[in-house]
Amino acid sequence: MEPTSHTSTARAIAPTLQSTARSTAHRLLAGAGLAHVVAYDHDPNHSCSTLTHGQSRFGDLMVAGVPHPSDPLAQQSDSSIRVRLDIVKEAPEFRVRVTASTLHALGSLRWLSPSVAQRYLDDGRLDAALAESTGGDGAMLGIIDVAQVHLHHASGTTTIHADALGEGPSSSLFPFPGDDWAARDLLCAVTDDDPSVLLRHPGTITMSSRERSSCSAVAGHCYCVDVDRFGITLMNITERSATVSFVPLPAPVSNLGELAAGLDQLVRIARLQSARA
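Counting from 823, one number per residue, gives the positions in the sequence shown under the working numbering.
Relax, there's no trap hidden among the hints.
Here are the in silico distance ranges between beta carbons for each label pair:
| hint | residue 1 | residue 2 | range |
| --- | --- | --- | --- |
| 1 | 967 | 937 | 17 to 25 Å |
| 2 | 916 | 1065 | 19 to 27 Å |
| 3 | 1062 | 944 | 55 to 63 Å |
| 4 | 979 | 867 | 23 to 31 Å |
| 5 | 1000 | 880 | 17 to 25 Å |
| 6 | 970 | 879 | 17 to 25 Å |
Hints in this document: simulated from the structure, not taken from any laboratory.
Glycine residues also receive a C-beta, built at the ideal position from the N, C-alpha and C atoms.
Build the full structure now, drawing on both the sequences and the hints.
Here it is, written out as structure tokens:
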């Protein structure tokens, strides 16, 4: 059987999807999304979601904050705690609520002594969010050691070993945690508030599609699920289906200027493709 153009495109884009998975996992570990930490040996039904998470300058996975005194995490400050880490990242959309990706890992949490935590602050090892959460009264700073993480995102489930995620935040990380909305706004600006134009690009690959009965409020709209340095993930909803697609950027980007240039190129090709159809 001869490969179809869709199959050929999928094979060609596979390395990009793998890179996107690693990049997405790196972004989540660096602070994107909301982290839930469970001390499953002590209370597997209790999840602490009040901790800020991120990576130190040297790549340590950190959590910081003031857990409630009754929280099992706060009661084990003198020893290593086996924990489950779940990070949930939602799409940068205000019209719908879509889970863009989730990351899961088992590891051990070790709280640092106040003097060591202060040294992390003084040495500039923490980003602004971690530093702010570490500086309050009663705040705790800890390191979670994990061997691997499991990422669930548009292209499926990916297992990534911790040493493949880099040595910590770097200039290649994009968007930085908190910059997703700026990237989404740029996407809307370049596409004239119609991201669906990118679906006409010949390099677009359908990740999933399912039949569904949509309410009129969301049907007929295309939503931004995620913006990564390697490409854009979109969800197009009709009255009968919801389709998730990935549009690879011409080249990896590291800032909004490069993203704007890449999006502009994608839009021009997509519109040219439509004109020829």
